[in-house]
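Given these sequences and hints, build the entire structure.
Each chain is listed here by its residues.
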Amino acid sequence: MSEKVLMKGNEAIAEAAILAGCRYFFGYPITPQTEIAAYMAKKMPKIGGTFLQAESEVSAINMVYGAAGAGARVMTSSSSPGMSLKGEGISYIAGADLPCVIVNIVRGGPGLGGIQPAQSDYFQATKGGGHGDYHLLVLAPNSVQEMVSLTIDAFDLADKYRIPVMLLGDGTLGQMMEPVEFSNDNISHVYEKPWATVGTQKKRKHNIINTLYMSPEELEYTIIERQKKYNSIVQNEIRCETSYLEDAEYVLSAYGTSSRIVETAVHQLRKEGYKAGIIRPITLWPFPSHIYKKAAEHAKAFLSVEMSMGQMVEDIMLAVNGKAPVHFFGRTGGVIPTPAEIVSKVKDIAGGNASE
Amino acid sequence: MSKLYERPKSLCDVPMHYCPGCTHGIAHRLIAEVMDELGIEGETVGVAPVGCAVFAYDYFECDMQEAAHGRAPAVATGIKRVIPDRIVFTYQGDGDLAAIGTAETVHAAARGENITVIFINNAIYGMTGGQMAPTSLPGQFTQTSPYGRDVKKQGYPVRISEMLSTLDGPSYIERVSLDSVPNINNAKKAIKKAFQKQIDKKGFSLVEVLSTCPTNWGLSPVESMKWLKDNMIPYYPLGVFKDVD
Ligand SMILES: Cc1ncc(C[n+]2csc(CCOP(=O)(O)OP(=O)(O)O)c2C)c(N)n1
Ligand code: SF4
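Here the protein sequences come in this chain order: A and B. FYI, the numbering for the first sequence is 74 to 429, going by this note's numbering. FYI, the numbering for the second sequence is -4 to 240, going by this note's numbering.
No lab work stands behind these hints: they were computed from the structure. Backbone N, C-alpha and C fix where the C-beta goes; we use that ideal spot for every residue, glycine too. You can take every hint at face value.
DSSO-like, lysine-lysine: derived pairs with alpha carbons at most 30 Å apart:
| # | chain 1 | residue 1 | chain 2 | residue 2 |
| --- | --- | --- | --- | --- |
| 1 | B | K187 | A | K276 |
| 2 | B | K188 | B | K4 |
| 3 | B | K197 | A | K276 |
Covered, in the sense of this in silico footprint (three residues per stretch, anywhere, with C-beta under 8 Å from a C-beta of chain A), are these stretches of chain B:
| # | stretch |
| --- | --- |
| 4 | 38 to 45 |
| 5 | 58 to 64 |
| 6 | 69 to 80 |
| 7 | 96 to 106 |
And the structure:
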């Protein structure tokens, strides 16, 4: 077992990526994720890796496309406005079945928004962002330690399924310091990449990394094939943490930073005799719908707590499918909800004073 | 009997989709001949653009990536950083390179990224049906400059080779033309030199190739060659703009 060190979330992501074998990082500066790039800029040259500050997020994500196509473990990171620019490249990476890891340390939007933490990119991360029929596998850590483990897993999942994987954090997680441990335990498979463009050496037919299909039937075929991959991800890769769920009448749900606040709120509610429980999705896509469905068998109501105007709440509604009322509480624009606000919202719901 | 003319080994044995008389085919052939002569086919990764040359990935025997519109220099950068000892080139039209991908072009050049860019300047957007390009000439008639490019409203053409040659990053920049046999021979020499610069790790090299688009210019292939010579070469003078050892 290695020692615990005190580290910022952003730096922990960078160190974990290096541990996972990532040797290529392409990015463009933006608050609140700059420490990732700064860490990479310092470390990469010392370990034979590449850190490159691109001229834009558009360029950075296309560098990722090229490097991933050449078989590398490669990462980029940004924050919300930058993610909008990466949308094009992400769509191409998904369409070319290339593996990579994309980090979004979310800040308030829309537009330039603010630099304070938010969760308002849930739709962008889980429902699109770029054009076309595709998914990202989206991982949502809620501690610095989990930023480490999920970053390492992200590289494996990306290679295993040949998909772009997104690590969705927020400014709080990125900036906060917690003790973390880096162990070599879950490191990291080496995947053969016979499809990579590294030169034929005149020993095989040329490899082509491409997203263009002129025949609709052919394009449909590739999309359906990719869908099979997505189906198997839904079957095998859902991750979710629950607490106090067995007897829960009020099921609170949150991911990332807001799940930490919900934990405090639920302890308080339990103390006061409310049967409150928590569902914390760790994969936002695929979404742990079956957990909500099961909880809906005994829950009186659900409450989604988000640092947005309510985005994940829609997935909860789909999962619960009318079996119980689904409420929402959120603060947004960089404002963080307090445990007291959440407790009082649950009491309103319990007292019949909250509209859905 | 000895063979005088055959398909270069680096060119795939497939029919190309280019219009009759289009010089994209000549440019492809020159690149393939150069790859053969330098013996680099098995070492090379090409990056195709979005534009008429989008299917270039089907035409070269080397490994290929197809990039988003304008992003080829960024994609090539990603590839080259992973496999610095391989040869990486992009093949891009003027809309791809000089409009939507200007930033990627300029910064790959400024970084001195050790890649080779073959830049096909045909003064028009071919693939989308003949719209005005950043390189369309003053007064040139296109679908989106139907009264002729009015420089007061639509601005002036971009001279990429001249612009990029002000930077310290590039090792080699030359403008060539495909309008005549001597110019085609010269174009091949330039392309070979550009690849050689990369092999010698000298940094960014770019060959701007003045080309024709008979279809969207509304001219026959022969008239197109003449139009190129009479109109494009005066605006886009041929020559070496940068050659650093
Ligand atoms: C983001 C994006 N915008 C627009 C297009 C449409 N488009 C395809 S090719 C092209 C222009 C290509 O012109 P050029 O680069 O000059 O190459 P040519 O066809 O003349 O060889 C455009 C605008 C696209 N594919 N992607
Ligand atoms: S449209 Fe123009 S550039 Fe495109 S293939 Fe035809 S002639 Fe060539």
